[in-house]
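These protein sequence lines are chains A and B, in that order.
Under the working numbering, the first sequence has 140 at position 133, and the numbering climbs by one with no breaks.
Under the working numbering, the second sequence has 209 at position 202, and the numbering climbs by one with no breaks.
What the hints contain is simulated information worked out from the structure, not anything from laboratory work.
Just so it is clear, the structure is predicted and the values come from calculations on it, not from any experiment.
Incorrect hints may have been included.
Derived DSS-like pairs (lysine-lysine); straight-line CA-CA distance at most 30 Å [said to hold, decoys possible]:
id	chain 1	residue 1	chain 2	residue 2
1	B	Lys-60	A	Lys-154
2	B	Lys-64	B	Lys-304
3	B	Lys-304	A	Lys-64
4	B	Lys-304	B	Lys-60
Protein chains: 2
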Amino acid sequence: MSASERSGQELRPSQRAGAVDPFIVMDVLRDAQAMEASGVDVAHMEVGQPGGKAPRKVLEAARRAIEEDDLGYTEARGIAPLRERIAQYYAERHGVAVSPQRVFVTTGSSAAFTLALIAAFDTGARVGLANPGYPAYRNILHALNLKPVLLEAGPQAGWAPQAEEMSAHMAAGMKGALLASPVNPTGAMLSREELSALVRVVEEAGGIYISDEIYHRLTYTEEAETALAYSDNVFVINSFSKYYAMTGWRVGWMVVPEALCRAVEVLAQNMFINAPTISQYAALAAFDATDELEERKRQYAENRALLLRELPGMGLAEFAPAEGAFYLYCDVSSLTTDSVALARRILREAHVATTPGVDFDPVNGHRYLRFSYCAARADIEAGLERLARWLQRNAP
Amino acid sequence: MSASERSGQELRPSQRAGAVDPFIVMDVLRDAQAMEASGVDVAHMEVGQPGGKAPRKVLEAARRAIEEDDLGYTEARGIAPLRERIAQYYAERHGVAVSPQRVFVTTGSSAAFTLALIAAFDTGARVGLANPGYPAYRNILHALNLKPVLLEAGPQAGWAPQAEEMSAHMAAGMKGALLASPVNPTGAMLSREELSALVRVVEEAGGIYISDEIYHRLTYTEEAETALAYSDNVFVINSFSKYYAMTGWRVGWMVVPEALCRAVEVLAQNMFINAPTISQYAALAAFDATDELEERKRQYAENRALLLRELPGMGLAEFAPAEGAFYLYCDVSSLTTDSVALARRILREAHVATTPGVDFDPVNGHRYLRFSYCAARADIEAGLERLARWLQRNAP
């Protein structure tokens, strides 16, 4: 046996890589794609990405960048005009003054999470996350040797982490928190009072608050407030992937506390070099594409209204407050104790793709399905119709 | 004093972020840009990126992708045709069979380093690096809670880490190594014998070898061999940034040991989602742009020949074997014991930008300057002429 064969048998991932969970939704996607490849029409209510192309002005800016720019490396923080435009966004929409010096253009919100977490926390630090919540948070924490602390954010907590629980964990040595509003998968939003209280509790305990605002501008009841309205010492993460419909372009941004800007800059130089140059130029045009983007949002709002109107009549009447993002998080415990099996059956028998809650909530996710409503109206209508028929045949 | 003001004063980067060194070369770049902004012509022999645009075929593919594709998320591993084309590259150039299943398209080589290091190593693991070497290796290791072990790769070691030293460190518990060939900053290459011996030593000790092959195809004496020729259990990292001249596009690739593919896929889903979609389609055309890329390489080779001919006559006769990449690593100890101060003086007085060795070698870097020769011929000629005049006036 050669050395290579021997070590091949021994080769194992690191423990931290082993602690990272795969996404169940990816299995759903694979199954759905296999069904489509065999000619079955699948209604997509699982995907978390806006369909279609980025706005016309964004595409035009990308074309222009190919002609006019060499598209070499940029500053690690991103191109100055985009940083300035992002700073201006906070002044315009939130009345908050943010220096462009504190703005970092990142390779999607993904890179921003990594940079913020490394800059803020050392090995073994415990960091609060809402449960249910975006599963990549937990997994990135594991990868970076941090320990997730799940804060209750289900129906008992009114779908938002509570300041009292946060306070108790901070007193017990938790180092900070990474929280989104609106939330994927629930669509719930923190009220201004909740957000400011959570920020205050973390900061008064000497911790660091990271606010994921990727679903800002996709709200249907009231505007979401930025954590920057309550403190200059929070990290605020956002992206061009959701409202701005630029998923595959991998470009987002982060506002960084002044005292940590140098650390983040040096980390970014070493770990990312810069966000894709063409995407930075393209993103600069995204702020001027409001007409097209608001039209998209009107479609999401219509889809949302349709779901809120139709689902209760099918016996699915319990869901989180769908205040933002493009998700409806539905209690399916009247149908199943295993939402993964339910999602599989609905896909195979009704040809509707949905996401089981277990990706988002290791405790109670087996009782929930997430319906995404960012697909085209026809997809949502077809999905609802098929679901209604399937439920008539299969409901208990 | 408010809570926010109080915590603001206390806000400090994590210890691991504090262990990450800034690049001195960035200060040189900033100074050079400031001089240019004030109207001074600077000869650029500091930058490590090919000038100008990506190849025409790459730009054409990017334009086509904007028209024909939605540019949404892709599989975390990257688009299938690109993974297949990369696998084919190993068959064609190296006669090595690599399954496309083992190929991951990454957000530049930067993302590949992060993914490989997390998948392979747990907190506190010691990982061997060549010294001198690419400074981001050390810094990414610190950020990920890994400990760099510097392997001697200066003139005493024949400019390559030696198997004996590697073996001794592995026996003392080192978990693996991350080594490049050709090397930035020295241009030195591992011979086939050296490379195969290093891979064998690491694997026989149960460790993991990560081979950075980003400067492959930029060699001037003989072709570089891939570590995949010696083992299927190595990570091999490459990029479209150097030979293929696509720096700002942020797209590279990694070949992963089969046993770690699933771990890397799940990490990539969580930490990166996918490499920029437009860059993946653009990169697919890079393999067909050989005419243009070989013409670029001929220009580098001419610049290299010019440096090798002219520098010795100026009293700079000691340098690492410039077998690959586009760097010449020059011993300047006859002029200075402080290469940072020397680089500053040469920039200010001779208007030539170079990189001091301290970025690459914390031990002996104060005795070296790195000259990059990927700029245009005119830049290199002007730089050499100014350097010659400055040395006549200032040499001891």
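> Is Lys-304 of chain B within 30 Å of Lys-64 of chain A, Cα to Cα?
Replying inline: At roughly 37 Å apart (the allowed maximum being 30 Å), Lys-64 of chain A and Lys-304 of chain B break the hint.
> Within a Cα-Cα threshold of 30 Å, do Lys-60 of chain B and Lys-154 of chain A meet the stated pairing?
Replying inline: This hinted pair is violated, its Cα atoms lying about 44 Å apart.
> Can the restraint linking Lys-64 of chain B and Lys-304 of chain B be considered satisfied, given a maximum Cα separation of 30 Å?
Replying inline: Cα-Cα ~17 Å, so holds.
> Quick one, are Lys-304 of chain B and Lys-60 of chain B close enough, alpha carbons at most 30 Å?
Replying inline: holds, 15 Å
Checked against the numbered hints listed earlier, the structure breaks hints 1, 3; every other hint is satisfied.
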